[in-house]
Amino acid sequence: MRKIHALIAATALIAGGAQAANVTLLNVSYDPTRELYKAENAAFAAQWKAKTGDTVTINQSHGGSGAQSRAVIDGLDADVVTLALAYDIDAISQKAQLLPANWQSRLPEHSTPYTSTIVFLVRKGNPWKVHDWPDLVKPGIQVVTPNPKTSGGARWSYLAAWAYAEKAPGGDANKAKAFVANLYSHVPVLDTGARGSTTTFVNRGIGDVLLSWENEAYLALDELGRDKFEIVYPKVSILAEPPVAILDKNVDRHGTRKVAEAYLNFLYSKEGQEIEAKNYYRARDPQVAAAHAKQFPQLKLYTIDEVFGGWTKAQATHFADGGVFDQIYKPK
Amino acid sequence: MTAAAFPPRMPFVTARWRKSSALPGFNLTLGFTLFYLSAVILIPLAALAIKPWSLGAGGVWNVITQPRVVHALELSFGGSAIGAAINIVFGLAVAWTLVRYDFPGKRLIDAFVDLPFALPTAVAGIALSTLYAPNGWLGAPLAALGIKAAYAPLGVIIALTFIGLPFVVRTLQPVLTDLGREAEEASATLGATRLQTFRRVVLPALLPALMTGGTLAFARAVGEYGSVIFIAGNLPMKSEIAPLLIVIKLEEFDYAGAAAIGLTMLVASFFILLVLNLIQRVLLARR
Chain A
1 MRKIHALIAA TALIAGGAQA ANVTLLNVSY DPTRELYKAE NAAFAAQWKA
51 KTGDTVTINQ SHGGSGAQSR AVIDGLDADV VTLALAYDID AISQKAQLLP
101 ANWQSRLPEH STPYTSTIVF LVRKGNPWKV HDWPDLVKPG IQVVTPNPKT
151 SGGARWSYLA AWAYAEKAPG GDANKAKAFV ANLYSHVPVL DTGARGSTTT
201 FVNRGIGDVL LSWENEAYLA LDELGRDKFE IVYPKVSILA EPPVAILDKN
251 VDRHGTRKVA EAYLNFLYSK EGQEIEAKNY YRARDPQVAA AHAKQFPQLK
301 LYTIDEVFGG WTKAQATHFA DGGVFDQIYK PK
Chain B
1 MTAAAFPPRM PFVTARWRKS SALPGFNLTL GFTLFYLSAV ILIPLAALAI
51 KPWSLGAGGV WNVITQPRVV HALELSFGGS AIGAAINIVF GLAVAWTLVR
101 YDFPGKRLID AFVDLPFALP TAVAGIALST LYAPNGWLGA PLAALGIKAA
151 YAPLGVIIAL TFIGLPFVVR TLQPVLTDLG REAEEASATL GATRLQTFRR
201 VVLPALLPAL MTGGTLAFAR AVGEYGSVIF IAGNLPMKSE IAPLLIVIKL
251 EEFDYAGAAA IGLTMLVASF FILLVLNLIQ RVLLARR
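If you read the protein sequences in the order shown, they are chains A and B. The first sequence begins at 1 in my numbering and counts up one residue at a time. The second sequence begins at 1 in my numbering and counts up one residue at a time.
With the rest of the complex left out, here is chain B:
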């Protein structure tokens, strides 16, 4: 720590493998970053990664290939992907409206977007299940149409969509603000239709931000527990999410089994996020 506090005295450490920056404080900030990441992320995750192996590799494989676990993982990841996709479409519409137009109450609506961030997840879950239950304001008309919203897999998607919305909107807003209208106007004067302008000019510029927002919404949804359990119905092989199975394993004092599912989710999330990041790099490089 003391060495890191006086970076100018040890320039030789950094000179060889890093372009020296005019900005001072590299050692200090890197040291802090590593320490902080270790304390907050790496050490807890390492504990999670070590725990399941008390079952042996075969035991871990047994846990995560049980049909019920596989189904729960599919629901958690699939539901999160659908939720993120919905948010990408409608989040774009919301962000577009909030950035491009002025209307009374705009500030208020803008503030509403953050509510899913601020609300305790249990409150969100109870509110959503009240609303979408067969006797709820939205659930009753849906039930009349023969659609079961709460206490079915659809309920899981509703909850995961709800909590993901702010991620897409808040990531898009600054990009949309920066985009400026000149490019669109130029495109229009060159004879492009509105759809062409959107597809060829606006969308490519927004795509990286859309993907970032969608990725964040997805990542948040995969691990979501609090809001989902109130609306899902939690029936095994039907509407049971993976985080609930983890809680059930914990109730059985099966810490290793719980960690095995947790680790599977972690590894799967990591690879999905990695691939999304790579795609994004390619997109950015093409611009």
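This is chain A alone, in the form it adopts within the complex:
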């Protein structure tokens, strides 16, 4: 493996030296960002061309966040990763040492240029009168969400439900566990990814509520018509922070560090933030956020640090083998 990598690197160096004006980046990302990065890449390439005269081509790879992380660890030669949650980039740092452990402090806002949250998608008219988390455990109601073991978005959904129950008046960890267990007993289908669950809910007509990324919910409305579904904002949810990072070892080998850094910084720029807001991600930039405020209702958003003590802890407690999620499904 090492030798092959060295060989590729050598070829890349030679090729890079010969035609400095053509650069290629590989952005390995998660499932629902296809549309977002298509727009970002085109805008960045135009800006980079104007600034340096170089042509940059950004290739995209999409899939479940965990699977993408594993692909990078197993050798997928990415320059930058833009994944659904920090744990998946931590794993790359720990298992493949492609970037330092403190990667999240290298870019502003914990390396998350945009945020999102978890909302409810319900059928038109909201027949089950779903307005907040407790409504999701009404007798007989069915809730669709993917498997947190295989989907990053599903982990955020699970944590949002937990955060609601733990932070509710009189709530604690035991009550949160009972609430989440009750919630998952209302789940008839556990798809492996966010898109799969959207399809199950929207096209197959399964379930009464879909727990969804905010951006994915708006996309569903755009694609399938606002006359069929509505978005319900619960009173509280979680601040989902999908982080971005440069893979130091890979960019140094490819000689693409400068352009990769510029690419990630572009995501924080006014232009980049505007594209994110248009694709239904919550922009960090106060001005851009204010301009799109109508689209993104304000609600109490808990961070993973304040409720769960960070991703590493949340992962170990809830989603690892034998963790709380597995306990929920233990046969009684």
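Any given hint could turn out to be false.
[Claimed, not checked] In silico lysine to aspartate or glutamate, EDC-like type, Cα no more than 20 Å apart, as pairs: (1) A:K313 with B:D254; (2) A:K330 with B:E252; (3) A:K95 with B:E252; (4) A:K313 with B:E252; (5) B:K51 with A:D326; (6) A:K330 with B:E74; (7) A:K167 with A:D305; (8) A:K258 with A:D77; (9) B:K238 with A:D326.
Hint data in this document are derived by calculation from the structure and do not stem from the laboratory.
Given chain A's structure and the hints, the job is docking chain B onto it.
Just chain B now, with coordinates in the frame of chain A:
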């Protein structure tokens, strides 16, 4: 490799333990076969067999005896067996129709049989779940009868039946073609009823091929992932198949645990296939 390329120079190697064949090229073809099997099958499987033991024997046992893993294995093997059984019955009917009768559109139907081979499994899974979902063409009437097809264990069986059909039909067709009608006609002239002819004359001749087809369909279904996850519902202890559990373990970076389940499936499949092969030998020997 060079030695193998010139088999006539080294006859002594083969003479003692093998009846010499009039056909040349034994060393070359055996060498190639061993090399090919090693590269394509044995080395990957050896890697799979080595991986789980980093957990220790107790750790492997712990992984594969968890109720959830046991249930998933039961569903994968049980569902595959039911799917294969269904295919043996209806695959025989399809093969019989295609071989014994001429009718317009026969070629077209014959081509349809191969579709489960050709279709990407994800496409098959999405198509089946669309069809059998409670709002689907077949799912709606079934739901009215109170039968839950998609997103239930029945959905797993439907998918595994779908992908297994061509194996049975394609194995039976040449045997049926060769069977000829003389034996049946003889049986009829000797006074046998249709059922007797089928049971005593046709079925024994077809049994080995039926078993081969059924075995292939079963083996294919045990490892099936792509089409099943779309229609199964994937609920732990209900409709979760073993290959999905392997993927879940991989997502947890638990490579050894994933390999432990993989190895269990491999060993179980191997023994089931071995027993089926032995039964088949006995059947063939009795003819």
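Hints and how they fare:
A C-alpha spacing of about 17 Å is found between K313 of chain A and D254 of chain B, which places the hinted pair at or below 20 Å, so the restraint holds. About 18 Å separates the Cα atoms of K330 of chain A and E252 of chain B, which keeps this hinted pair within 20 Å; it holds. Simply put, K95 of chain A and E252 of chain B have alpha-carbon atoms about 12 Å apart, close enough for the 20 Å limit, and the pair holds. Only pairs whose Cα atoms come within 20 Å are accepted, and K313 of chain A paired with E252 of chain B is accepted, the gap being roughly 14 Å.
Distance restraint check for K51 of chain B and D326 of chain A: the Cα-Cα separation of roughly 24 Å exceeds the 20 Å cut-off, and the hinted pair is therefore not satisfied. With a CA separation close to 17 Å, the supplied pair K330 of chain A and E74 of chain B stays within the 20 Å bound. About 14 Å separates the Cα atoms of K167 of chain A and D305 of chain A, which keeps this hinted pair within 20 Å; it holds. A distance of roughly 17 Å separates the Cα atoms of K258 of chain A and D77 of chain A; the hinted pair therefore holds under the 20 Å criterion.
For the given pair, K238 of chain B sits about 14 Å from D326 of chain A by alpha-carbon distance, which is consistent with the 20 Å threshold.
Taken one by one, the earlier hints fail for this structure only at number 5.
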